[in-house]
Amino acid sequence: MTAPASTIPALLADRVTTAPDSAFVHFGGEALSYAEIDARSDRVATGWLRLGLGHGDRIAIAAANSPDWIVAYLAAAKIGAVLVTLNVVYREREFTHMLTQSGARALVCDAESNGFEFGPFLDGLRPDIPTVEHIVFLGGDEVPGGRRWADLAAAEPDPELLARAAAMIRPADPVVILYTSGTTGTPKGATLTHRSLIASAAAQVERFGQTAADVILGVMPFNHVGGLTCTLGSTLATGGAVALLPRFHPDLVVDAMAGTRVTMFVGVPTMYKMVLAAESLAIADMSSVRLCVVGGSNLEPALAAQVAATFEGVRIANLYGMSETSGACVISPPGDSLETVGRSIGTMTGDFEGRVVDDRNVPLPPGEAGELQVRGACVAAGYWQLPDESAVRSAPTVGSPPATSRRSPRTGTSSCSAARRRCTCGAASTSTRPRWRTCW
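With the first letter of the sequence shown counted as 1, position 130 gets the number 130 in full-length UniProt numbering; the numbers rise by one all the way through.
Simulated from the structure, these hints should not be mistaken for laboratory data. A few of these clues could be false.
[To be verified] In the SDA-like style, the derived pairs of lysine to any residue whose C-alpha atoms are separated by at most 20 Å in a straight line are:
1. Lys273 to Leu291
2. Lys273 to Ser297
3. Lys273 to Ala302
4. Lys273 to Arg290
5. Lys273 to Arg343
6. Lys273 to Leu338
7. Lys273 to Pro250
8. Lys273 to Gln306
9. Lys273 to Asp255
10. Lys273 to Arg247
11. Lys273 to Gly313
12. Lys273 to Ala213
13. Lys273 to Asp251
14. Lys273 to Ala308
15. Lys273 to Pro301
16. Lys273 to Gly296
17. Lys273 to Ile283
18. Lys273 to Glu300
19. Lys273 to Phe248
20. Lys273 to Ala258
21. Lys273 to Ser287
Throw the hints in and build the complete structure from the sequences for me.
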């Protein structure tokens, strides 16, 4: 694979130049090309610029996976803005904290989600989110106090405005703020850059051998790196396609995989268990699937065997990453047996480096459990507007710091050891954080 572009808009421009008519997004029985998504994002980007938003401004989004989500992401990237990704299940506490802490000037939001109406909810929240000047609703009729996405997306593209905005974008610029789960306190906004997102996606593409012929199932939510980078980012990096689902349901997954000839399924163990139990799977043609990827933890041997028996000839791999590493940083190498996949999460990807340390930050030998630390171009720029937190979560670097990053995040929940050593992950007896060890 050739060297990837240095920014998200440049990556999209490469795809439009080389294969404008290739399918980028499959959704609701419709296939949208790279050129179509590019044109839509130009319109939305122009709309934002005419509203006075631009480089460095934060635009939040709380929406299910859809082509409009992708357009919103690319439009924000094109004007140098930073997309703040929120989960549609968030309510008053999360919205208030994340919108005010990020200083978001605009919010794109589903008008309705699973029966919940966001219009009245956000109208009541207005006094608590003073930085938000514009609320744009996806779907539905016009909502009082908000704009319609359709109106924003109808803006006539302004090439001169877009060119001026593009000229200001740099690889090290923030492009996404992704809030951590907050299991150890208040959620913090991991600040992901163009460089870190592309580095993570490119390393995954290399490890999996992804190409423009691949179609990835897009069921992991885009407000999570499993959806944003492992699914959408790697697709954009190759010129492949993503088969989008707005929510997970095993029958919907089976239909999408068979209907769009999905080649790559990225999911968590629970998803696999539910899909394997779906009655519709028995009559579905899954012969296109070549790779089943499980994120978050080692795949249980029994489940791995069941996946292998159901998807004949498929390669099974583990994948591990986190917000602070912009996506996957540990992946099963090619050729791993089911036995190996069942006991090892994999090895470091790309040129990323890692080590396992004890509580005193002393590197541990293979076989010893500890905390994984990672450094490399995939590492986030820190936590948004939290310099002290960023410093606490950064450890002294391993050896001479590489040019790409001087930061070694203390993941607590992830990271691996030396380049070719394998990692295993297990629960610590005194902590909710996983404990890591490097092996053979």
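So, going through the hints one by one against the coordinates:
1. A C-alpha spacing of about 16 Å is found between Lys273 and Leu291, which places the hinted pair at or below 20 Å, so the restraint holds.
2. Proximity of Lys273 to Ser297 is assessed by CA-CA distance (about 14 Å); at most 20 Å being required, the pair is judged to hold.
3. With a C-alpha separation of about 11 Å, the suggested pair Lys273 and Ala302 falls inside the 20 Å cut-off, and the hint holds.
4. With a C-alpha separation of about 18 Å, the suggested pairing of Lys273 with Arg290 holds against the 20 Å cut-off.
5. The hinted pair formed by Lys273 and Arg343 meets the criterion: a straight-line CA distance of about 18 Å does not exceed 20 Å.
6. For the given pair, Lys273 sits about 17 Å from Leu338 by alpha-carbon distance, which is consistent with the 20 Å threshold.
7. A distance of roughly 9 Å separates the Cα atoms of Lys273 and Pro250; the hinted pair therefore holds under the 20 Å criterion.
8. For the hint pairing Lys273 with Gln306, the CA-to-CA distance comes to about 9 Å; that is within 20 Å, so the pair holds.
9. At roughly 16 Å between alpha-carbon atoms, Lys273 and Asp255 fall within 20 Å of each other, so this suggested pair holds.
10. Our distance criterion of 20 Å between C-alpha atoms is met by Lys273 and Arg247, whose separation comes to about 16 Å.
11. Taking the CA atoms of Lys273 and Gly313, the gap is about 19 Å. The hint holds against a cut of 20 Å.
12. The hinted pair formed by Lys273 and Ala213 fails the criterion: a straight-line CA distance of about 27 Å is larger than 20 Å.
13. For the proposed pair Lys273 and Asp251, the alpha carbon gap of about 12 Å is at most 20 Å, so the pair holds.
14. With a CA separation close to 13 Å, the supplied pair Lys273 and Ala308 stays within the 20 Å bound.
15. For the suggested pair Lys273 and Pro301, the alpha carbons sit about 13 Å apart, so the restraint of at most 20 Å is met.
16. Simply put, Lys273 and Gly296 have alpha-carbon atoms about 15 Å apart, close enough for the 20 Å limit, and the pair holds.
17. Under the criterion of a C-alpha separation no larger than 20 Å, the hint pairing Lys273 with Ile283 is consistent with the structure, at around 17 Å.
18. With a C-alpha separation of about 11 Å, the suggested pairing of Lys273 with Glu300 holds against the 20 Å cut-off.
19. With a C-alpha separation of about 13 Å, the suggested pairing of Lys273 with Phe248 holds against the 20 Å cut-off.
20. At roughly 18 Å between alpha-carbon atoms, Lys273 and Ala258 fall within 20 Å of each other, so this suggested pair holds.
21. Of the supplied pair hints, the one linking Lys273 and Ser287 holds, its CA atoms being roughly 19 Å apart against a limit of 20 Å.
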